[in-house]
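S.K.: Sequence:
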Amino acid sequence: MDIDLILNELSLQEPAPNQEVAKQWMSCFIKTIKTVKDRGVKVNLRTKDDFYTTVLAPNYPLRRWFNDKSVDQVERLFIKTLATKTPFSTEIANLEIKSIENNTGSSEFRHQGEQAIGLGVAYLLSTMSVSLLSKEKWNRSQLLLEMIRMDDDEDGEIVNEIVEIVHASCSEHIYEHTSWFQKCIREKVLNGLDIWNRREELFPNLVFCEDVYKQVQSLSGGDPILRQVIKRLFEMEETCKSWTDGVFDIDSFPCKVSPESDSRLKRLKKELTFKCPDGNERVFSWHVRMTPGAWRLHFFVDSELGKIIIGYIGLKIM
Numbered sequence: 099m100d101i102d103l104i105l106n107e108l109s110l111q112e113p114a115p116n117q118e119v120a121k122q123w124m125s126c127f128i129k130t131i132k133t134v135k136d137r138g139v140k141v142n143l144r145t146k147d148d149f150y151t152t153v154l155a156p157n158y159p160l161r162r163w164f165n166d167k168s169v170d171q172v173e174r175l176f177i178k179t180l181a182t183k184t185p186f187s188t189e190i191a192n193l194e195i196k197s198i199e200n201n202t203g204s205s206e207f208r209h210q211g212e213q214a215i216g217l218g219v220a221y222l223l224s225t226m227s228v229s230l231l232s233k234e235k236w237n238r239s240q241l242l243l244e245m246i247r248m249d250d251d252e253d254g255e256i257v258n259e260i261v262e263i264v265h266a267s268c269s270e271h272i273y274e275h276t277s278w279f280q281k282c283i284r285e286k287v288l289n290g291l292d293i294w295n296r297r298e299e300l301f302p303n304l305v306f307c308e309d310v311y312k313q314v315q316s317l318s319g320g321d322p323i324l325r326q327v328i329k330r331l332f333e334m335e336e337t338c339k340s341w342t343d344g345v346f347d348i349d350s351f352p353c354k355v356s357p358e359s360d361s362r363l364k365r366l367k368k369e370l371t372f373k374c375p376d377g378n379e380r381v382f383s384w385h386v387r388m389t390p391g392a393w394r395l396h397f398f399v400d401s402e403l404g405k406i407i408i409g410y411i412g413l414k415i416m
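Take 99 as the starting number for the sequence shown in this note's numbering and just add one per residue.
Quick caveat, the hints were computed from the structure, so don't treat them as lab data. Here a beta-carbon is modelled for each residue, glycine too, at the ideal position from N, C-alpha and C. It is possible that part of the hints are untrue.
[Said to hold, decoys possible] Below, computed lysine-lysine pairings styled on PhoX-like, alpha-carbon distance capped at 25 Å:
1) K132 to K167
2) K167 to K121
3) K339 to K368
[Claimed, not checked] Label-pair ranges, simulated between beta-carbon atoms:
4) E369 to K135: 21 to 31 Å
5) S204 to S401: 19 to 29 Å
6) E369 to S204: 47 to 57 Å
7) Q111 to S359: 40 to 50 Å
8) C353 to R162: 38 to 48 Å
9) R208 to I348: 56 to 66 Å
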């Protein structure tokens, strides 16, 4: 399995005070990447700028590190053979990522008040971000980001949301993510048709309306929204799995869920009504949002079955 690791450019902002510290940073970074590869995955390192032009310390760019005989030869060879892709959006058909790179999009990501392009890309791709351990704040296996975006509803308000991403800056963090790697391998979904064909295996606590097949079957493996659809479905599955009895707590979802407004329900009741596998038609008001684009996943909580019914996956219903 291939995995994209997204380099956090903020961890490269300030060079090390001297060459010895820079070499320590690189050794730790290499151990981190090696530990990922030991999980049986092929690594691609995505970077904002050309990684090989990185200045590690005063008068000590990465190219000089390559020729430093005091650096372990195995480490130098490892970095030379590491597959890198620059910029982040290379070979990814994701306009949202390109707009974030160019600072022209309707959304941005910040970490502790500072614009964080790479960390935002990691969130959008549902993958792991990696940092050089240049500051103590990067010594975390999870990072919280502030996602700021323009709401695509009628009012067009600015929405602030706190999101969490998987992160590593040392090999110990990779060990903490063992279950995450196992889940990635187990749940590797090829495309939208694969979602449908494996729905009972992957999502035993979810029920899918037949219309969902037509909505997801055209999603290709390279479609950027595919990863977000998969992420939301697994969040639904995990939430429903932990619901054992009593009234379902709508606030138990790890992501923001919203009902349709009264005005939209009145105007679009027919469009929001879907036939369920039991033959009954239900109005699917509750939904979650997905980016890039104004995508929605509409669901219905069936208290009798103890399951969540997925009624619609696609662009916002208008």
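S.K.: Next step is simple, just say for each hint if it's right about the structure.
M.R.: Hint-by-hint comparison with the structure:
At roughly 21 Å between alpha-carbon atoms, K132 and K167 fall within 25 Å of each other, so this suggested pair holds. For the suggested pair K167 and K121, the alpha carbons sit about 12 Å apart, so the restraint of at most 25 Å is met. Note on K339 and K368: the hinted pairing is violated, with a Cα-Cα distance of about 30 Å set against a maximum of 25 Å. Checked against the given bound of 21 to 31 Å, the beta carbons of E369 and K135, roughly 48 Å apart, lie outside it.
Taking the beta carbon of each, S204 and S401 are about 37 Å apart, not inside 19 to 29 Å as hinted. A beta carbon spacing of about 25 Å between E369 and S204 contradicts the range 47 to 57 Å that was offered as a hint. For Q111 paired with S359, a C-beta distance near 43 Å keeps the hint of 40 to 50 Å intact. With their beta carbons about 45 Å apart, C353 and R162 fall inside the hinted range of 38 to 48 Å.
With their beta carbons about 28 Å apart, R208 and I348 fall outside the hinted range of 56 to 66 Å.
Checked against the numbered hints above, the structure violates hints 3, 4, 5, 6, 9; every other hint is satisfied.
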